[in-house]
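A.B. asks: Listed below are the residues making up each chain.
2 protein chains.
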Amino acid sequence: MAGDGSDQRALQYEQTLMYGRYTQELGVYAKEEAARLRESGQRRSVSERSRTLDLLEYDKGRCAKCRICTVRCQKFLISRVGEDWIFLILLGLLMALVSWVVDFCIAICLQAQKWMYGGLDSNVFLQYLAWVTYPVVLITFSAGFTQILAPQAVGSGIPEMKTILRGVVLKEYLTFKTFVAKVIGLTCALGSGMPLGKEGPFVHIASLCAALLSKFMSLFGGIYENESRNIEMLAAACAVGVGCCFAAPIGGVLFSIEVTSTFFAVRNYWRGFFAATFSAFIFRVLAVWNRDEETITALFKTRFRLDFPFDLQELPAFAVIGIASGFGGALFVYLNRLIVQFIRKQKAINRFLMKKRLLYPALVTLLVSTLTFPPGFGQFMAGKLTQKESLVTLLDNRTWAKQGIAEEFDYIGHSQAWKHPQVNVFVTLVLFIVMKFWMSALATTIPVPCGAFMPVFVIGAAFGRLVGESMAAWFPDGIHTDGTIYPIVPGGYAVVGAAALSGAVTHTVSTAVIVFELTGQISHILPVMIAVILANAVAQSLQPSLYDSIIRIKKLPYLPELGWGHHEKYNIRVEDIMVRDVRYITLNCCYRDLHNVLLTGHLKTLALVESAESMILLGSIERAQLQSLLSQQLGRPRRLEYIRERAVAEKKRLSIVSNPDSEDSSQRVSQEVRFQISTEESTFSPVRPVAQKPLKPALKRPSVVERPTEIPTSPNDNSGIALKNLFCASPDTEGLEDDGDVEDDMTIREIAEWEEMQLDEQVNFNNCKIDPAPFQLVERTSLHKTHTIFSLLGLDHAYVTSIGRLIGVVSLKELRKAIEGSVTVKGVKVRPPLASFRDSGTSSSENEATELHKLWDRHKSMSLPREHTPSESDEKSQ
Amino acid sequence: MAGDGSDQRALQYEQTLMYGRYTQELGVYAKEEAARLRESGQRRSVSERSRTLDLLEYDKGRCAKCRICTVRCQKFLISRVGEDWIFLILLGLLMALVSWVVDFCIAICLQAQKWMYGGLDSNVFLQYLAWVTYPVVLITFSAGFTQILAPQAVGSGIPEMKTILRGVVLKEYLTFKTFVAKVIGLTCALGSGMPLGKEGPFVHIASLCAALLSKFMSLFGGIYENESRNIEMLAAACAVGVGCCFAAPIGGVLFSIEVTSTFFAVRNYWRGFFAATFSAFIFRVLAVWNRDEETITALFKTRFRLDFPFDLQELPAFAVIGIASGFGGALFVYLNRLIVQFIRKQKAINRFLMKKRLLYPALVTLLVSTLTFPPGFGQFMAGKLTQKESLVTLLDNRTWAKQGIAEEFDYIGHSQAWKHPQVNVFVTLVLFIVMKFWMSALATTIPVPCGAFMPVFVIGAAFGRLVGESMAAWFPDGIHTDGTIYPIVPGGYAVVGAAALSGAVTHTVSTAVIVFELTGQISHILPVMIAVILANAVAQSLQPSLYDSIIRIKKLPYLPELGWGHHEKYNIRVEDIMVRDVRYITLNCCYRDLHNVLLTGHLKTLALVESAESMILLGSIERAQLQSLLSQQLGRPRRLEYIRERAVAEKKRLSIVSNPDSEDSSQRVSQEVRFQISTEESTFSPVRPVAQKPLKPALKRPSVVERPTEIPTSPNDNSGIALKNLFCASPDTEGLEDDGDVEDDMTIREIAEWEEMQLDEQVNFNNCKIDPAPFQLVERTSLHKTHTIFSLLGLDHAYVTSIGRLIGVVSLKELRKAIEGSVTVKGVKVRPPLASFRDSGTSSSENEATELHKLWDRHKSMSLPREHTPSESDEKSQ
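Sequences listed follow chains X and U, in order. Going by our numbering, the first sequence opens with residue 7, and the numbers climb by one from there. Going by our numbering, the second sequence opens with residue 7, and the numbers climb by one from there.
Read the hints as simulated data drawn from the structure, not as lab findings. Any given hint could turn out to be false.
Identical chains share a label here; the pair holds if one copy fits it or two copies do between them.
In silico DSS-like pairs for lysine-lysine, Cα to Cα no more than 27 Å straight-line [unchecked claim]:
#1 Lys221 with Lys351
#2 Lys221 with Lys307
#3 Lys791 with Lys819
#4 Lys221 with Lys183
#5 Lys183 with Lys351
#6 Lys361 with Lys775
#7 Lys425 with Lys390
#8 Lys362 with Lys394
#9 Lys791 with Lys307
#10 Lys361 with Lys351
#11 Lys351 with Lys823
#12 Lys791 with Lys221
#13 Lys775 with Lys791
#14 Lys361 with Lys823
#15 Lys353 with Lys390
This is chain X alone, in the form it adopts within the complex (with noise of 0.2 Å):
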């Protein structure tokens, strides 16, 4: 448990190169927002109600009843716009839009390179500086307009709703400065031709355009204040994202489930769906208005023949492609994190990008466009197709070699590319799929918005087509044995290859259905589910998800899943994983007690029992109440009226004859007591005023509540003077100062006389806002169940109690720790199958706690509670 304020320090020091990062403050913004929301909310249709009153007895002769009926009417028309479909189908046009018009901004981009490029043929040299220099200007363009607008625009956006969802409140992630730098920053981006997708993005889109919808719909008032709702309308808008960036319903809305939700609600499942659908409607209808299709038909259509579409014999052939696309999948994860890493732990490297913050992303995009330029290397790997004509070239429906023999290839169009005089398509197949991948990884790094679905779905494309030219050349009168010849298909097996090579990536099984959605056939349909099957049994084995490895990557909560059959998991118990040494307080305990529970953890919540015999637990507390708790005890406010009752008591009895009314004044200053009780509830919790400003970067603002390494751990005899220059800084307690017409004469002695004394005294939790129900477990919960519940409710906690009896605490850490294996029941150390492969890749977490430990030793040696600046300044840098 004492792990878990470093873990939250290390959130906010970790700098991170490529991403963005966030502070957690688990849905208690959002709760306190709800609520204050709510009454907002009621307080203004009591209003409309009264008005509607008054309309009814001011034009009583005339025509009323008339009125009322409009008014009426409109009540009605604005409670309608409250409707949910409305909103989905706003949400849906609007994704439409703005996806055909990245699109659209897009194809102008890449046409434009295009147009220069041929257009300089003369000169080689000319021609490089032209191919080169266009995407390096879009991308540093697109780079340092996210940077300054919204650096939480960077990256796929998938991994930071997953955390959303999961009821985590990512600030500035959802405002409309980041939907801007978002649209524009991908659409350059995408422009510049790298391998970058739009698919994360489109995810984090669409949340963006939710969210802003339902701000802007809040102001005809309706439901748009429920923190539940939203949190529905964010998994519809997820949906939305992936069906109208591919067209493709149905494959948005599982995929987005798949990726975002660990428990999904099947009556939330339609708003996707009436949502994706809508939208992607609108997208292809928008290219049929165009006159770019003559109907609405898939994205990359094929044209497979349907009656025989594969031999039953071909099947291995498709298990193979799904078993190596696991491996690829698992790789190329890997390998973007270890890019990630190598740049973050190479100081000398990591110091100079952070000065030159454009330098990353110019030196990249540079790397891999010289790679592709068509001359050059280009020509060995058909460097000169954008990704959506490689795409439609490798999902061709004709054999590009037929046994062995280039010659017979009959290239038209942009299938050209793909033959080169010299070499075999074999080799450029080769060239294009090793190339692209470490490409591709590379490239997802840099911190522009950009998605890493479609390059993976373009690599396996063409690791399928290779497999399956391979088995044209191998079988050129085709597999079947009865009689009639079906020559073998090898867009079929890219097809296979593009489903599960980006299903291995995602851990995702709906690859497949987007495939379908995407080629406009269903007809391989088994080969495709088993390969993305494979793919998905290998990939998970060995690597994370790569969402879930951005999401370890930025340090965002997360809760890791129990894997595929770990039925050790089943055994173990809440009893086994639990801390026991569970920090309290009591119901009836003093303040010093609190002082010191507060000065020994680090915890964000800490548990009420009734008392320490008898542990009953009655609910929890958070950490900043009682910070304002005891702020409020020893508080400069109260020790002033100290000094009032003191200086009136002495004036009381040096006069007690000669000022007779002295009853009535020691009356008023205690009505005065009263009354500063009463307004305790508005200077009371001191994260308020920080949580009501939720458009400031968490980043440069970190609120009380995220900053526990300010309680010096100083020993007991200065804890006086110490408490005093803790809790009296807060501006509340500041605002109150001057309310004194006693002058603070008392010296630091008497204060800290007086700390004491103010510290033996019983606390009055009145005014203490209390969790009455925290979450409860029983010891012999199963690890399987508490896990469930976890992720089920989105606890960060939950206490363990014994017939009401407080016994132990279990937060996501321990969790965490039980599921990745790293505590031992009965003696059996508990790890998942292959975690010794797996250790390579994330044995730098424990790397990560070491430094943590130097950080928190540092921190403890530092007096100034502000001194960890250079790291902010490091962040900002970033």
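Go by the hints and put chain U onto chain X.
C.D. replies: Only chain U this time, still in chain X's reference frame:
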């Protein structure tokens, strides 16, 4: 809260003609069983380990290492058997075989009917007899066989699986007998050619397979003994059921999720996909091996053109299909329920049908097959075709009616059946739709294993075809305006119609995926999605889904969905709906309190609080536990003990000098008492003997917990005798009687006095099973959140606490009331939109309630608890 008991009684009394009926015992049995199995598993593993050690010591001299190695390998293999994927592969394989064999048998049955019918073409009357007798015999056999072997096998199975996956244990529902009854019953029922489906039953069969396989594999040890794992496996099995029925793995997974879950664990996703894919694969491979197919393709392959599947301007027609299907689907559900309720309510019909149990199926079959007799009325509705043939012809590529002239219709094969010399093809289609509609609604009420999906699917396809043919007749040259003529494809409309109507009836969107997988073409994705969503929107606002309707008819425990955008729900809080008058017991209460609480309430569990003043919730205790506590206290053994003790005391008083070792004797007595207390555990729960016999039908043997009516609400004056009657009838106390060496010489008056005395003692909760962490809510929890938590965790009730103090309780019933709109919040009656329309269907529940009250009054007036045998005999005769 008071109605909870009567609800349960309703469950017992209410006779269901059409379906089996089950009593609930939420998780209790499952939990006990799991605990028992876990313990035995641990014991087994310990014994295995010791065996290895034995071997080690025994064979030390010789090839000991070799032997140990063998043992280890064996253990390793056995542990591998425990892995999920092996289980899933076996399940998939088994289900594919079952599905294929069932299909094969059905095909043979249908062929036999055709052969008989064809052979007798000389005499129409003989032909009619053959045509009619054959299905009547098959259906009657199916109904009788199912009734005798396992009445649980009747009906679809999806409603029950939904209930089981919600955590309710339905006894007898997953046994081998049920498996046999379901498979054979289903084969006969479908072989009769009646409009019945195999999807629903296959979900049940797959679950049966999973349960049996799980039981079988637990022989090899492993983790087949975990409750939550079993639930996960059942969910996967449901997917397999749909997947192997239609060779539709993706659609199967999605459909099973939609119809059985409210919250779906994404981590369980792969299980369904894996097993369903494997199963579908094997199912289709069997067809290839059987030379039915050349390679693996879709079940109902279509050959629509790929390049221009439909025009944008055809979309309104698709939307019309969707909306009409929505109304049609709601009508179907309504009609189905109406038929069941009509037959139940008509006392005369009911009584007659009760006596002749097999008459109803025979009559229905006679009616349906008479109407489809091909030379008779069947000629106007393609009565000759089986369900499969109709579907194949309906999905046909070609247009039947070109410009309204039937002559151009190129009839080949089965399509000929749609042609009639006198009648237009449109009339045939309309007749087919209308007749099949009510026939299917009627046929699915027959008490045989049967589903409604396939008939509805066919009707939907016919409706789509009708619209398509009309469009083709209206626009003979297609709608497309630019140059090329693209004629309209009515087969595409049939696909859309099939998906829309089946989606409307089942309230699912995944029927869209199922049609793609069934037809092997995804080109109509947008029309299908649009139609399915519109159909769902309409149907969901009018009627519950067919499965929910059956759940209500069968009175299975359920929780209604929150529905589409009822935003009033967001403003209701738990405090608005909770029951404030909670029955509780305190930690230091006496047995009299226990007695009173048991007499007045009907709750299955009671809250345990610290004291009536503090009201701090400590846990909850089951009613049965309290009953045994009380019976323990007032039971005969304890009274005999008392008599013995009294006799000893008497003796002691009489011969205080003559017998110096009387102290020893009294010590012996107290030892005996202690002994008796220590064996309390074994004689403790009267539920267990019943609970350990899960193989007996719940209908015939109501257990003690399920019979709360047996506590007579007699006044307190004769409570002694009443209590004796009540509690001493349990077999455990009976068995202990013969140890009495003292005779029971107490008079009734003395017994009453003694009981009064016993009742004043304080309750000893030491041996009582207390649930230490019942689920708690706070008063401000919203209805929305409460619903989520209830459905997430499968709760039955939750306590409402405020800082540990119990202030209320919410059960499923209150929640159901609040959601279904009979709770008024702030003066406004909250009702779902279009509720008035829905009322006509569900108002019968009120009638049922009044009937229940009558029943309850009758029960009250009865003296003997076993008086309700007539209702039992009613049940048996159904």
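A.B. asks: As a check of your reading, is Lys221 near Lys307 (CA-CA no more than 27 Å) within one copy, between copies, both or neither?
C.D. replies: Neither: 38 Å inside a chain and 47 Å across chains, both beyond 27 Å.
A.B. asks: If the cut is 27 Å between Cα atoms, do Lys362 and Lys394 qualify within a copy, between copies, both or neither?
C.D. replies: Answer is neither: 33 Å inside a copy and 69 Å across each miss the 27 Å cutoff.
A.B. asks: How would you label the pair Lys183, Lys351 (within, between, both, or neither) given a Cα cut-off of 27 Å?
C.D. replies: neither (31 Å within a copy, 65 Å between copies)
A.B. asks: Since the copies are identical, ignore which copy is meant and state whether Lys353 and Lys390 lie within 27 Å (CA to CA) inside a copy, between copies, both or neither.
C.D. replies: neither (37 Å within a copy, 81 Å between copies)
A.B. asks: Up to 27 Å between alpha-carbons, please classify Lys361 paired with Lys351: within, between, both or neither.
C.D. replies: So Lys361 and Lys351 pass the 27 Å test inside one copy only (16 Å; across, 83 Å).
A.B. asks: From the Cα coordinates, with 27 Å as the cut-off, is the pair Lys791 and Lys819 best called within, between, both, or neither?
C.D. replies: both (16 Å within a copy, 26 Å between copies)
A.B. asks: Taking 27 Å as the upper bound on the Cα-Cα distance, should Lys791 and Lys307 be classified as within, between, both, or neither?
C.D. replies: Cα proximity of Lys791 and Lys307: none, with 45 Å in one copy and 44 Å across.
A.B. asks: Up to 27 Å between alpha-carbons, please classify Lys221 paired with Lys183: within, between, both or neither.
C.D. replies: Close inside one copy (14 Å), not across copies (58 Å); limit 27 Å.
A.B. asks: One pair to classify: Lys351 and Lys823, alpha carbons no more than 27 Å apart. Within, between, both, or neither?
C.D. replies: within (25 Å within a copy, 60 Å between copies)
A.B. asks: Between Lys361 and Lys775, at a C-alpha cutoff of 27 Å, which is it: within one copy, between copies, both, or neither?
C.D. replies: neither (45 Å within a copy, 66 Å between copies)
A.B. asks: Tell me, please, which holds for Lys221 and Lys351 at an alpha-carbon limit of 27 Å: within, between, both or neither?
C.D. replies: Classified as neither; 41 Å inside a copy, 53 Å across copies.
A.B. asks: One pair to classify: Lys775 and Lys791, alpha carbons no more than 27 Å apart. Within, between, both, or neither?
C.D. replies: Between copies, since 20 Å is at most 27 Å while 29 Å is not.
Checked against the numbered hints above, the structure breaks hints 1, 2, 5, 6, 8, 9, 14 and 15 and satisfies the rest.
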